[in-house]
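Trainee: Generate the whole structure from the sequences, applying the supplied hints.
Going down the list, the protein sequences come from chains Y, L, U, H, X and Z. Going by our numbering, the residue at position 91 of the first sequence is 79; the numbering climbs one at a time, nothing skipped. Going by our numbering, the residue at position 101 of the second sequence is 89; the numbering climbs one at a time, nothing skipped. Going by our numbering, the residue at position 134 of the third sequence is 122; the numbering climbs one at a time, nothing skipped. Going by our numbering, the residue at position 165 of the fourth sequence is 153; the numbering climbs one at a time, nothing skipped. Going by our numbering, the residue at position 162 of the fifth sequence is 150; the numbering climbs one at a time, nothing skipped. Going by our numbering, the residue at position 203 of the sixth sequence is 191; the numbering climbs one at a time, nothing skipped.
Just so you know, these hints were derived from the structure itself, not from any lab. Quantities reported herein were computed from a predicted structural model and do not represent experimental measurements. Mixed in with the good hints there might be a few duds.
You can't tell identical chains apart in this list, so a pair holds if it fits in one copy or across any two.
[As the list claims (entries may be wrong)] Using 30 Å as the maximum straight-line C-alpha spacing, the simulated DSS-like pairs for lysine-lysine come out as follows:
1. K139 to K170
2. K170 to K94
3. K170 to K93
4. K3 to K146
5. K70 to K10
6. K94 to K139
7. K135 to K94
8. K135 to K3
If you want the building blocks of each chain, they are given just below.
6 protein chains.
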Amino acid sequence: MRPSGRQPDQTRDIKITKNYTKHAEGSVLVEFGDTKVICTATVENGVPRFLRGEDQGWVTAEYGMLPRATGTRNQREAARGKQGGRTLEIQRLIGRSLRAAVDLKKMPDISITIDCDVIQADGGTRTASITGGFVAMADAINSLLAKGQLKNNPILHKVAAISVGVYEGVPVVDLDYDEDSKAETDMNVVMTDQDGFIEVQGTAEAAPFSSAELTAMLDLAGKGIRQLFVAQEEVLQS
Amino acid sequence: MRPSGRQPDQTRDIKITKNYTKHAEGSVLVEFGDTKVICTATVENGVPRFLRGEDQGWVTAEYGMLPRATGTRNQREAARGKQGGRTLEIQRLIGRSLRAAVDLKKMPDISITIDCDVIQADGGTRTASITGGFVAMADAINSLLAKGQLKNNPILHKVAAISVGVYEGVPVVDLDYDEDSKAETDMNVVMTDQDGFIEVQGTAEAAPFSSAELTAMLDLAGKGIRQLFVAQEEVLQS
Amino acid sequence: MRPSGRQPDQTRDIKITKNYTKHAEGSVLVEFGDTKVICTATVENGVPRFLRGEDQGWVTAEYGMLPRATGTRNQREAARGKQGGRTLEIQRLIGRSLRAAVDLKKMPDISITIDCDVIQADGGTRTASITGGFVAMADAINSLLAKGQLKNNPILHKVAAISVGVYEGVPVVDLDYDEDSKAETDMNVVMTDQDGFIEVQGTAEAAPFSSAELTAMLDLAGKGIRQLFVAQEEVLQS
Amino acid sequence: MRPSGRQPDQTRDIKITKNYTKHAEGSVLVEFGDTKVICTATVENGVPRFLRGEDQGWVTAEYGMLPRATGTRNQREAARGKQGGRTLEIQRLIGRSLRAAVDLKKMPDISITIDCDVIQADGGTRTASITGGFVAMADAINSLLAKGQLKNNPILHKVAAISVGVYEGVPVVDLDYDEDSKAETDMNVVMTDQDGFIEVQGTAEAAPFSSAELTAMLDLAGKGIRQLFVAQEEVLQS
Amino acid sequence: MRPSGRQPDQTRDIKITKNYTKHAEGSVLVEFGDTKVICTATVENGVPRFLRGEDQGWVTAEYGMLPRATGTRNQREAARGKQGGRTLEIQRLIGRSLRAAVDLKKMPDISITIDCDVIQADGGTRTASITGGFVAMADAINSLLAKGQLKNNPILHKVAAISVGVYEGVPVVDLDYDEDSKAETDMNVVMTDQDGFIEVQGTAEAAPFSSAELTAMLDLAGKGIRQLFVAQEEVLQS
Amino acid sequence: MRPSGRQPDQTRDIKITKNYTKHAEGSVLVEFGDTKVICTATVENGVPRFLRGEDQGWVTAEYGMLPRATGTRNQREAARGKQGGRTLEIQRLIGRSLRAAVDLKKMPDISITIDCDVIQADGGTRTASITGGFVAMADAINSLLAKGQLKNNPILHKVAAISVGVYEGVPVVDLDYDEDSKAETDMNVVMTDQDGFIEVQGTAEAAPFSSAELTAMLDLAGKGIRQLFVAQEEVLQS
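Mentor: Here it is in structure tokens:
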């Protein structure tokens, strides 16, 4: 039995709200149950130095948590003077995942920065960030297309992410914090809406996992992610 | 004529929402028009090193803005590796203002940290933070009183803040970004609900201001702040 | 009775020495009683990046204290790896105050940096820095005019600053450390020699202050600052 | 055809040298072809603050590359003033992988730090670090057992790691830099010598990967890792 | 001919002023011609962590330059966020030199910090700092002896320092900036008043130096330093 | 008797290995007994900003130690977030010494960075770094000459370094860690193969040293360094 009473293959309520704040070119509040992340997309002309002269654009991401997004307060990273290893790891993952969704050659001299800021955490903040970040990015790209600043749509496919794990011996999808902190295995899966894998990151927390468990988790992930694509499509169409 | 069409003595719509996020001992969303700040209060046992053995508690504040809370993206302070001077100045102001609301001797060995994070900025983020931060702190203190962790209520009086300024020669209250960026003078006023001043910070932006203008601005501030105390009381009673 | 035996409206001995060190374009030692600050003005060609192409100049300030300028040693900020919030707040105030003294349009492509380094502290270091910093800046500008590097004098008016406060219930001017550390209210006032206010920063330290106290403090400040303009004029004429 | 002429399932020459430097409790040079990493294990009494009173030990890892371990020089991280995101990500992976190899309860109040420093890089530095780091840790633990500082062997199983990927459409094992920089997919796999997975981290570099490719890569990884366990055993027995 | 018209063995005017600022336990202004350094000695109870339980005291030094102590402005190290290599090198030299002047065993649980801050630079700031720093330290120690906080005088001998160099082929003493920036060789010599060497640091700037030049420079240094001991004695007796 | 049983004028076994790693333009492993340092030379086009337009090249050095190069583990400088004073001092010494070996005017627009990384420390790491760093630099320069990227050989003379000291009252050469940590005096000497001094840095550790001891140490250093030139020549010719 899961702490939340959910079935093993049952995700939490997923909610994606567009135009959540007013300044950004794309702005989304994404909720995976009690996990709430603000994802904004900022469009800027120009590309980072290492891409000058490459005739392509760039997509990058940054991630942060409000100090009291969690049960106990975490020191503010700006006050500590650096982003922690976990933060850097997550924002690198979000950036890679969203870059995999676009053809950078089709957005020359355009940079998009996705900021994912967790205002309330309950497990799965990185998967919610990728899922919501895609919508913020797509929304910003749609504006650029509408205004003629982009000629061709650089989006190759949708990208979304979900967590899976083994909890008390049973593979489950979309772990909340209670499950996540006790799970034997924790895996984050990023996929395209054409069933391709973008990232698979599985970690044995309490015990090594078997090939069979890996397969079961990947199946659950695929099933869960397909629900996310529906939610993304609905909000993008709205 | 103000860009927003407001009267000189008219504040924006003020909205304070309690229990905005679920983990913190006090959690408030405060809105001054389009300026939106999440204020959380975290209660911890113990006091900073410089107060050890002083038989009192402590209240402090931290402030941040999401990178895209504003019209153009600001670099994330955690990524830059330090908080800017403006940020430090604001969080010092919030901390002093909220400490002035309590008798620290009545909360021995208790520290309260108020985190003010701006998710959307449109002028007046520091005054919104003080006004909302007071509610988050009061809410946390009420819980401590209810649970018997505090014997006596340390709150001395309510504290709230509002901005005033001189815009096109006319003293006005609660400036939004459009006004703030063009005002000749900008002043932030922090007061108690017993008409006492906690902080007065006036800055000539475009031209020196006169004694008469100062008096007019302080009158407007007092009038505006009294509305804030009503809003604070309503949400605290709810 | 004030600890120093001064009358409420009596400032400390004010002394401003020009050409205090030999390398800087302007170099001043300013003394407000036992508070001693070296203020140097450095003239450089060019402006910061954010002003490129704006056809104006720039004035900025930096502030520091020698580690043992005070009764107990403070950690050296260079060794700590960052300037503290108090330091940043003070140098921002000095910079704003001195920029308010000039028409930046009349000093195109010229940057002046005012360094204020406290070698001995006894209260009022920020007001001494503004008052002495103005002289260092004016001295540097006079050289630029004499050498023909500036065509028109960018100085609009003199600027000086003094502290006022409420000490044992009595409004007093130019607080030394003994008073400052016990005052109920502390206020720094920056004015022009045409009676305009540039900055008013009042803080309730021990108790809120009333409108009447505020008025009394501002009157004292105006009277004290007029003495500073005389001292500035004398040294600039010498 | 692989650039090196190797078969898809053929690893590079693997060489593990014990007692490579003289000071550390465990010291190993691990070579995966031209990739060379010095792994040292340092044993210290005591545990980090967050484990005080938990009656267990700790294992952690740090990772670095000499600035010219690669084809072009990378800025020295100590000179830059921080470890990059890639470095932090890798050292977190090494630490998790090696902690999974031991029962921390069986090494109370003992901390082991594994330093992995790459002196020459040619792809696969993180997998070489895990594989060599395990030997350094095991060597240090064997000394502690021999000296009676540990009563029971905390090692649960061997741990080793290898990279796999899809290169020009073909799944291959143990990618060198030439392959790695062009591979469509890159995956790092950490396993126990009982066929359990510790970490699986797959990333689509140029194109999403399919479930079939994932399975093929995991098979190759298992086969390659089994060779690593033989090499580890040989050097530990010597 | 030296730029200053001095003889090769002629030092600049040396001036040491005691009680220069009022807060520190020892406070000295030392002048070697136009080089002016404030040296303060701070006495604190306790020793650094690495000396706990060692039954001895500690002496350390810190060094800084005001940004405009030199002909062109140097960036403030506190603003840059770190002390430069030159600064660290100099303060390590000052600390070693002053520790060599005392028997740390005779000042148990007492730490003395010497802050050397250059307010005007014209060559030789490190030698002036050592020479003035010794007087500040001795003054602070004399107070501790007078107050009975030290039982035995820990001072073993006086310590002072001077620079020597080869300028246009001629060995000279106490180089000012004009000479220093063009000298073929630059050497700093720290000695005791019993003719012992504490530090000898010679650097070929433009050309290697010979054994004969080294000997000539050391002779000049010894002669110059003996004048410094006279100046130190005079001010300590005053 | 020296702890190692060596004669006072006897160096440790000196071994210099060329082409130690494969990527760098020059790569050397230098061994002074158990002290082992990897020295790589990286050639880059362009010069640092302060040399732009000066029609010359540049040589600089960086130094580091693996955390467990020593008997107890040192915190990794990259993790601490800064290089320590000792590290900066050493790398500045190496850089100055190697720049003294070349005519920078003969290598226009070429920068060479020498990285010296200590993989095992037993005293004398800075002298080994200079001695090995020269070979790495010379090797890189020889390649540039062979490829025609340099027209004229910028090398003026060989440079090497050795430590000398006074141990139990006897001047000795090339101190290992056991001697170094107990020596009364420690001196590092850098010379050219034409008997010129580049750097002489002598420090009294336990007691001041005399002029006679200084002379004896310099004689020993000269004798020892001549052996190093033979070793450098052999490996460069090979």
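Trainee: At most 30 Å between alpha carbons: which applies to K94 and K139, within, between, both or neither?
Mentor: within (8 Å within a copy, 46 Å between copies)
Trainee: At most 30 Å between alpha carbons: which applies to K135 and K94, within, between, both or neither?
Mentor: within (15 Å within a copy, 41 Å between copies)
Trainee: Checking an output row: K139 and K170, CA cutoff 30 Å. Within, between, both or neither?
Mentor: between (49 Å within a copy, 29 Å between copies)
Trainee: Within a copy, between copies, both or neither: which one fits K135 and K3 at a CA-CA cutoff of 30 Å?
Mentor: Cα proximity of K135 and K3: one copy only (28 Å, versus 35 Å across).
Trainee: Quick one: K170 to K93, C-alpha cut-off 30 Å, is that within a copy, between copies, both, or neither?
Mentor: So K170 and K93 pass the 30 Å test across copies only (18 Å; inside, 43 Å).
Trainee: Please sort K70 with K10 into within, between, both or neither, judging by C-alpha distance up to 30 Å.
Mentor: both (28 Å within a copy, 27 Å between copies)
Trainee: Within, between, both or neither: how does the pair K3, K146 come out at a Cα-Cα threshold of 30 Å?
Mentor: within (17 Å within a copy, 37 Å between copies)
Trainee: Regarding K170 and K94, is the shortest C-alpha distance of 30 Å or less found within a copy, between copies, in both, or in neither?
Mentor: between (44 Å within a copy, 21 Å between copies)
Figure legend: structure checked against the earlier numbered hints; every hint is met.
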